[in-house]
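Undergrad: Protein chains in written order, with this note's numbering: chain X, 1 to 285; chain Y, 1001 to 1290; chain S, 2001 to 2113.
Calculated from the structure, these hints are not laboratory results. There's no promise every hint is true.
Cut-off 25 Å, straight-line C-alpha distance, at most; resulting in silico cross-link-like pairs (SDA-like, lysine to any residue) [said to hold, decoys possible]:
1) Y:K1165 with S:K2081
2) X:K180 with Y:I1087
3) S:K2081 with X:K180
4) S:K2093 with Y:T1189
5) X:K77 with Y:Q1077
6) Y:K1158 with S:P2074
7) S:K2024 with Y:I1087
8) Y:K1216 with S:D2030
9) Y:K1206 with Y:K1238
10) X:K139 with Y:T1218
11) S:K2104 with S:L2045
12) Y:K1158 with S:D2010
13) Y:K1206 with X:V93
14) X:K118 with S:E2078
15) Y:K1122 with Y:A1097
16) Y:K1255 with X:G256
17) S:K2109 with Y:Q1077
18) Y:K1216 with S:E2070
19) Y:K1238 with X:A249
One side of the interface only, derived from the structure: several residues of chain Y facing chain X at Cβ under 10 Å [unchecked claim]:
20) E1099
21) K1225
22) N1288
If you anchor each label on the Cβ, the simulated ranges turn out as follows [to be verified]:
23) Y:F1215 with X:S28: 20 to 30 Å
24) S:K2081 with Y:K1265: 52 to 62 Å
25) Y:E1290 with S:Q2013: 33 to 43 Å
26) X:P50 with Y:E1269: 42 to 52 Å
27) Y:Q1077 with X:S28: 40 to 50 Å
28) X:P50 with Y:T1189: 37 to 47 Å
29) S:K2104 with Y:Q1077: 53 to 63 Å
30) Y:E1159 with X:E67: 40 to 50 Å
31) S:T2095 with Y:Q1262: 49 to 59 Å
32) S:T2095 with Y:V1063: 42 to 52 Å
33) Y:K1165 with S:Q2013: 21 to 31 Å
34) X:N234 with Y:S1047: 18 to 28 Å
Glycine is no exception: its CB is placed at the ideal position from the N, C-alpha and C atoms.
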Amino acid sequence: MKIAIASGKGGTGKTMIATNLAYIANLSYPVQLYDLDVEEPNDHLFFSTPLGNENDVEMMIPVVDEEKCTHCGICTKVCEYHAIITLPDRVMVFPELCHSCYGCLEMCPEGAISEGFKSIGTISSLHQENINLITGRLKISESATAALISRTKDHGEEDNKLIFYDSPPGSSCPVIEAVKDCDYVILASEPSPFGLHDMDLVARTLIDLKVPFGVIVNKDVKNNTLIDNYCSENKIEIIGRIPLSMEIAQAYASGGIVSKAVDDMDVLFKQILDTIILRAEGQQK
Amino acid sequence: MKEIVIMSGKGGTGKTTITAAIGALAKEKAVVADCDVDAANLHLLFSPKNTEAHEFVSGKTAVINYDKCTDCGVCRQKCRFDAIDFINGKYVIDEVACEGCSVCHYLCPEKAIDMRDNTAGKWFISDSRFGSRFVHAKLGIGQENSGKLVGKVKAVAKEIAEKEKIPFIIVDGPPGIGCPVISAFSGATHILIVTEASESGFHDLKRLVELVEYFKVTASCIINKCDLNNEASGRIEKFCNNHNINVINKIKYQKVFYETLQQGKTLVESDDNNIKEKIEEIWNYLKNME
Amino acid sequence: MKIAISATGDNWQDFTDTRFGRAKGFFIIDTDTAETSYIDNASNLEAAHGAGTSTSQALISKGVEIVITETVGPKAGEVLKSGGVKVFEGAGKVTLKEAYENYKKGLLKEQEL
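Taking the hints into account, I'd like the entire structure generated from these sequences.
TA: This is the structure:
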């Protein structure tokens, strides 16, 4: 069962929700948690075991055999990303711009281009109690966020009962990569004008993608009906509410698991987890 | 003309709320640019008027001409992005997955695939209710955020500032450290980092500072929610000092952030003199920098 | 010898373009024939990535040996250097005529690529 946690706006509580649901679930069975916010991964900060088993993630870049190359310039013409440049006497490759489409390799009339590799980041992991955390981390100055997310998802065993994907914020390409193929998506929101506006962007994306989802209202305040009104108008289920609380904020800020540190939060997250599993199972039929 | 880009690394630190407040103080002395194109929010506080809208074209999308297609399947075989499906007896392009690399276009033996310009979003020029010119944008859902739209918003803001002789450009930067952030760095004269006193905030700040140093730009910092975790706040301050980043101000976790936002106001429009003073201090620092 | 100045227009009174990779165009001066011409750079203006390297390649393919502009980025610099092109930086926002005069008078610094 694959559950993604997404949000429009950053800072609405994706990582808090993901780590806490994973913690509650792991009290009963093995859990796989993926940190797909590869530009700024944070999940590992909430575990005492350090990350290890670091693996480089590689993508193809072209390598030009200058002996065979006639400097015809076809590779440059075909490349939409300006990653391969033909000069009168040599060809230059710019790895950070390469999208690994293989266009140059396929089109070179002399067969002068072969596969080389560049590192776009790393995948590391940790195991604590019943949780396996797999973290993707993008190399600084690389642009391959969505590609790294896809590779991170492929890492690790598939046969865990419950898999959580802590997704990046927003609604662009990386988020789509993270949430597609999931059984259910939790949309984290906060009852503020920015929170509502950005949640709407993601909700529409999820509806387009036909991925089932429900909303958690985080930093919930009594009498604030911003999110409630939106959800009832759009027939979206609210599957949980986490109150605005200094105690929760401080526990999170210090790198603690809120279900352990704050009274009644374990009960709250268990309720949410049970609801999610029911919904996701409903979808799996 | 100075371009100040406000960034955070981690989302939710208060970057946009603080940017809006600075924009409210700067008034017509600044062109404000919202470069958080994936989830743009400034317009919610700026009440933009007289808006000029423009289409934003970026990259291409493949289109199959079924009159010429012979179902040979080479396109699907060669597509590295899983963007071509075989559904109900014909090959279909998945427009969300299509990266516009043009490989299928070049390899199709029947020349049955065309590459069409991709409308990836919209950008706008408006007047804000503070008397400032305001440039903002909206990236289409599921689009690649290559940083090009960020670049466009900044280029337009710069053009306006040069033409109308406006001394400052204030940019609400994108989150993260990827392409849009790199695009936001280009041409910046100063980076203002809004971070928060938490483990996550500190972790993400460090990644952002790596980029700051890579680009060799000056930077200063505001530690928001500084009383959330005093220990993290202390470590952040020390880290900033070690990296020549001036901590201009520290702001406590307070309701006024949430309350003014709900009312559609910026921090400097609240009754809280304390927070107004803090924002004025920040703006004065930025205005008077070398 | 061909000299290229990043430009906003195609005659001596037009202003320089302070950008390189996304310059509107390039004003080309052929010092052997005293002829001038203009290369439109629109395709790179709109590029998401790699505008600088692509622009560099285009200039090299036209036989340009000297570039006069504000500054070039590191990747564009790599390509230009590979192509044996020298860059004179700090041209500023002046007319093309002034920019060329400043270069001839030795007032522009050669950029280390």
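Undergrad: Provide an ascending list of the numbers of those earlier hints which the structure does not satisfy.
TA: Structure breaks hints 1, 3, 7, 8, 11, 13, 17, 22, 23.
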